[in-house]
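If you're matching them up, the sequences are chains A and B in order. To get this note's numbering, take the position in the first sequence, counting from 1, and add 12. To get this note's numbering, take the position in the second sequence, counting from 1, and add 392.
Check the hints yourself; a few may be wrong.
[Said to hold, decoys possible] Straight-line C-alpha distance at most 20 angstroms; calculated SDA-like pairs for lysine to any residue: (1) A:69 <-> B:475; (2) B:395 <-> A:71; (3) B:502 <-> B:444; (4) B:395 <-> A:56; (5) B:395 <-> A:34; (6) B:502 <-> A:34; (7) A:64 <-> A:83; (8) B:395 <-> B:466; (9) B:502 <-> A:51; (10) A:69 <-> A:15; (11) B:502 <-> A:100; (12) B:502 <-> A:107; (13) A:64 <-> A:51.
Honestly, the hints are just simulated from the structure, not real lab data. Fair warning: this is a prediction, and the values are worked out from it, not measured in the lab.
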Amino acid sequence: AAGVIQSPRHLIKEKRETATLKCYPIPRHDTVYWYQQGPGQDPQFLISFYEKMQSDKGSIPDRFSAQQFSDYHSELNMSSLELGDSALYFCASSRSQGPTYEQYFGPGTRLTVT
Amino acid sequence: AQKITQTQPGMFVQEKEAVTLDCTYDTSDPSYGLFWYKQPSSGEMIFLIYQGSYDQQNATEGRYSLNFQKARKSANLVISASQLGDSAMYFCAMREGGNFNKFYFGSGTKLNVKP
C-alpha cells in the first residue's frame, strides 16, 4: 500500500539558511499535518492543512511557513535556520471522512543545522 | 494540563512475555479517539491500534490490544509474546472530539525487549 512520502530524508544546512521539506500524502487523504520531533522528545504539532487550506496551527515559529498544493502535496519552508531547528520533521496524512482519522506518518526528514 | 500522560519513560520485558504500557488521557469531550504508535530507532512512526470513545469492546490488532478503561481515562497498550523487534519508543495519542486536527501525543515509553 502507498505510504506518505517525504523528501529529502536527510538535510544538512547552516545557520541562517533556508530549507524546504516536501510531503506527499497517501492517495485520497485530504489532510496533511507537520510535526517537529527534537531528540528524545514527543512529536510537536506544527501546522495542518485540509483541502489545501490551513486548518490548524500549533507551535510553528514565524520563520516557518507551509502550504498544501492542488495535488495535495505539502511543503514546509523554513527560513533563518537556527541550531535549535535541528530535529526530525514528520509529515502525516489522514482522511477527513471518519470515523477514526488515524494519521499515517511519513519516514521523516532529519534536519541538521550546523 | 497534559492531554496524554505516559508515566513510564522506559521499560524492560523478557522476550515472549507480555507487557503493558500505560497511558492516561484528559478530555471533557465525549467523542475522542485513542491511538498507539511505535517508533523504532530508525525513526519512522508506525500506527499500531485505535480505540474510539464509543467503542464497546477493547481494540485488538494481532499481538496488540488496548485495555480501555473509560471511567479511569486510561488506554493501556498490551503487547503479548514480546519479540526483539518490539524494542522501540511507543507513543500514545488522542484525537479530541470530531476535530481531526486536534491530535495530542504523550511523551512516550521506551520499551526494551531482552533475549
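These are the hints, each one checked on the structure:
| no. | hint | result |
| --- | --- | --- |
| 1 | A:69 <-> B:475 | violated, 38 angstroms |
| 2 | B:395 <-> A:71 | holds, 16 angstroms |
| 3 | B:502 <-> B:444 | violated, 25 angstroms |
| 4 | B:395 <-> A:56 | holds, 13 angstroms |
| 5 | B:395 <-> A:34 | violated, 29 angstroms |
| 6 | B:502 <-> A:34 | violated, 29 angstroms |
| 7 | A:64 <-> A:83 | holds, 9 angstroms |
| 8 | B:395 <-> B:466 | holds, 12 angstroms |
| 9 | B:502 <-> A:51 | holds, 13 angstroms |
| 10 | A:69 <-> A:15 | violated, 24 angstroms |
| 11 | B:502 <-> A:100 | holds, 18 angstroms |
| 12 | B:502 <-> A:107 | violated, 29 angstroms |
| 13 | A:64 <-> A:51 | violated, 30 angstroms |
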